[in-house]
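*Asks:* Please construct the entire structure, taking both the sequences and the accompanying hints into account.
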Amino acid sequence: MANGTVAETTAFAEVPVNQALTPEQKIEFLREMYRIRRFEQVSMKYYQQGKMGGFLHLYTGQEAVAVGTISLLAENDHVITAYRDHGHALAVGMSMEECMAELFGKATGCSKGKGGSMHFFAPDKNYWGGHGIVGGQTPLGLGIAYALKYKGIKGCCLCYLGDGAVNQGPFHEALNLASLWSLPVIYIIENNQYSMGTSLDRSSAFSKCLAARAEGYAMDWDLINGEDLYEIRAKTQIAVERAHTSCRPSILEIDTYRYTGHSVADANAKKYRPPEEIERYQTLHDPLRLWKQRLIHEGLLDEATADKLDHQAREEADSAAHFADESPYPSEKEIFSDIYWEVDNNTESGRRGRHFFND
Amino acid sequence: MPLTTYRDALKDALAQEIEHDDNVFIMGEEVARYNGAYKVTEGLWNRFGDKRVVDAPISEAGFIGLAVGASMMGLRPVVELMFWSFAYVAFDQIINNAGCVRYMSGGLTHCPIVIRGPANGGTNVGATHSHTPENFLANVPGLKVVCPATAYDAKGLMKTAIRDNDPVMFMENTLLYGEQWEVPEEEYLIPLGSADVKREGRHVSLIAHGRAVLTCLKAAEILSAEHDIDAEVVDLRSIRPLDEETILRSVRKTHRAVLVEENKPFCGVDAQIASIIQEKAFDDLDAPVLRVSSLDSPAFYSPPIEKKQLPDAHAVIAKVLKIC
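As you go down the protein sequences, you meet chains U and A in turn. Taken in order, the first sequence gives residues 1 to 359; the numbers are from the numbering used here. Taken in order, the second sequence gives residues 360 to 683; the numbers are from the numbering used here.
These are calculated hints, taken from the structure and not from any lab test. Treat each hint with caution, since some may be false.
[What the hints assert, rightly or not] Cβ pair distances, simulated, as ranges:
1. U:Phe55 / A:Met360: 42 to 48 Å
2. A:Pro663 / U:Phe55: 51 to 57 Å
3. U:Thr198 / A:Ser661: 53 to 59 Å
4. U:Lys333 / A:Pro663: 53 to 59 Å
5. U:Phe55 / A:Asp655: 57 to 63 Å
6. A:Leu607 / U:Asn76: 48 to 54 Å
7. U:Asn76 / A:Asp414: 26 to 32 Å
Computed from a predicted structure; not experimentally measured. Where a beta carbon is used, it is the ideal one built from N, C-alpha and C, also for glycine.
*Replies:* Below, the structure written as structure tokens:
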């Protein structure tokens with residue numbers, strides 16, 4: 001992980017996009033990061049109690065990436081991500097309740113309990129999922145950008161992927177198309193250094209960094225220290241501007257770290273990396289702690305206020321879990337809805353012929 | 360009524376839908392300047408320009424995924440596959456994304472995309488270019504699958520597929536592109552999920568889709584002329600949704616069924632049809648339901664041998680004579 005010097009970080013604080021921030025906005029970022037962290041911690045607790053099925057990929061440690069990048073987006077900018085999608089969902093404004101209820105498999109979940117942890121969606125907030133297959137969302141993000149350009153809308157799509165997804169073929173097809181056709185998509189590689197249990201040096205061949213593969217596609221790229229919100233915003237803003245004004249794609253690689261295993265079910269979570277490494281990140285590089293210190297240093301916050309924000313986030317997460325626990329499971333008749341639009345909408349097309357083949 | 364090729368019928372449908380809806384565009388390999396590898400899109404780029412007819416590089420997963428994403432945003436992409444066999448490098452995009460995204464989002468998204476191209480053997484291009492994936496794509500709830508046998512059906516079904524709000528896998532046949540049928544110039548739509556009785560008959564139902572329908576019509580002529588057997592030919596036209604009523608009505612009338620397809624036998628489309636018939640028309644049957652499929656091996660290159668792999672009229676007649 002890059003360690004920005006004081007001079008560098010000050011420089012990022014002074015770029016216009018950060019200078020324009022009000023104290024309230026800066027404090028809001030901290031609140032959002034606390035909300036993500038507490039949401040994840042509470043969801044892990046209930047997962048371990050057997051309240052959830054399947055997988056649970058936690059975002060703890062990476063909070064600044066989603067909060068920092070998404071904070072820059074405007075009305076016509078869109079977001080799509082992979083399976084570690086809770087942080088982005090909360091950052092785009094989805095409620096803890098609908099997200100937690102989805103984890104519990106409840107009817108009140110954002111995807112009615114049909115998608116689970118890896119498939120949160122909120123198209124009304126320009127949030128297009130939540131995708132389970134590694135790298136599978138990268139052509140979809142391209143298509144969202146394609147649609148914006150096709151319709152003549154000035155906007156962009158932030159398409160997130162992990163460092164493990166960079167070796168999937170469709171990602172490279174998407175990069176070529178993005179540059180060839182000049183599409184306003186920004187690929188954000190959240191490099192947490194492990195693709196499941198395989199470290200970066202055992203999975204990827206590269207010269208400077210993963211994002212530098214963009215050079216092969218005549219595309220701009222940048223490398224970002226993911227523990228510094230100012231740097232994330234400063235450098236992401238350049239890519240957003242590029243997409244908006246020149247309709248050009250970018251790759252941003254944001255160095256970050258996940259504190260928990262690949263998923264909560266990752267039996268080897270503490271075997272493929274030394275415990276001291278995790279501890280080092282939590283102690284020295286934690287994005288929440290660093291942002292809090294920054295705000296205290298700027299005179300915008302004191303410890304008591306920060307603790308209060310944290311406490312409120314914890315209460316909100318607990319309350320969301322209570323809501324989820326109390327919510328009803330989907331009814332069995334839900335099994336056959338949301339498969340075909342035409343059937344759901346009872347159109348002539350939806351009524352004609354047999355769509356489902358049980359008895 | 361004018362005679363039109365299967366190819367031109369498809370082209371006319373595409374042109375009409377491009378004119379009908381600003382959100383419709385065609386994307387695929389060689390579809391624009393080259394005029395289409397099989398000339399289905401010939402002249403469309405000249406007529407409609409770069410925005411509506413888009414040449415894509417050889418990246419099926421990339422551009423099909425792009426089209427799925429664009430369709431979630433309200434566009435109506437019609438993606439050409441030079442061969443349906445090439446879809447196999449894009450299955451994640453087709454099955455996991457186009458097929459599942461509506462369900463996994465609890466109905467918050469939908470995906471009005473058409474993926475079209477030829478899916479047939481019989482052209483001596485070897486196993487990798489001769490696949491017929493209608494059975495396993497129809498196995499995916501969320502996808503629709505259409506296999507027109509004639510120019511008339513190809514045009515009417517293509518227009519419907521483009522207007523449909525679900526992902527439609529549209530499977531054509533290179534051996535039919537140059538064949539002619541009567542096709543009206545005025546607009547018409549053929550709904551998905553409606554089979555067509557291509558020939559009325561009393562003694563046996565020949566149930567087929569795609570080019571196998573034409574094989575059945577030929578067999579029916581011979582059966583009538585040489586064996587005094589009056590065969591009915593039912594063209595499924597759409598595999599999913601499936602017009603079960605028309606299938607059952609025919610079997611209840613003839614009491615015998617031979618199912619014919621150019622698909623492979625194991626879990627082929629006809630395995631599903633046979634299951635439906637035995638379950639819902641068991642008491643109407645006077646004989647076992649028989650099947651004629653492609654021979655159960657990869658496509659042979661050698662032209663005279665490959666011909667033997669696909670069902671022909673004689674194979675159909677042989678099966679019919681076993682039960683009539």
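*Asks:* Look at each hint and say if it fits the structure.
*Replies:* Checked hints:
1. U:Phe55 / A:Met360: 42 to 48 Å: Given a distance of about 58 Å, which is not inside 42 to 48 Å, the answer is violated.
2. A:Pro663 / U:Phe55: 51 to 57 Å: Given a distance of about 53 Å, which is inside 51 to 57 Å, the answer is holds.
3. U:Thr198 / A:Ser661: 53 to 59 Å: violated, 46 Å
4. U:Lys333 / A:Pro663: 53 to 59 Å: holds, 55 Å
5. U:Phe55 / A:Asp655: 57 to 63 Å: 38 Å Cβ-Cβ, so the 57 to 63 Å window is violated.
6. A:Leu607 / U:Asn76: 48 to 54 Å: holds, 51 Å
7. U:Asn76 / A:Asp414: 26 to 32 Å: holds, 27 Å
In summary, the numbered hints that this structure violates are 1, 3 and 5.
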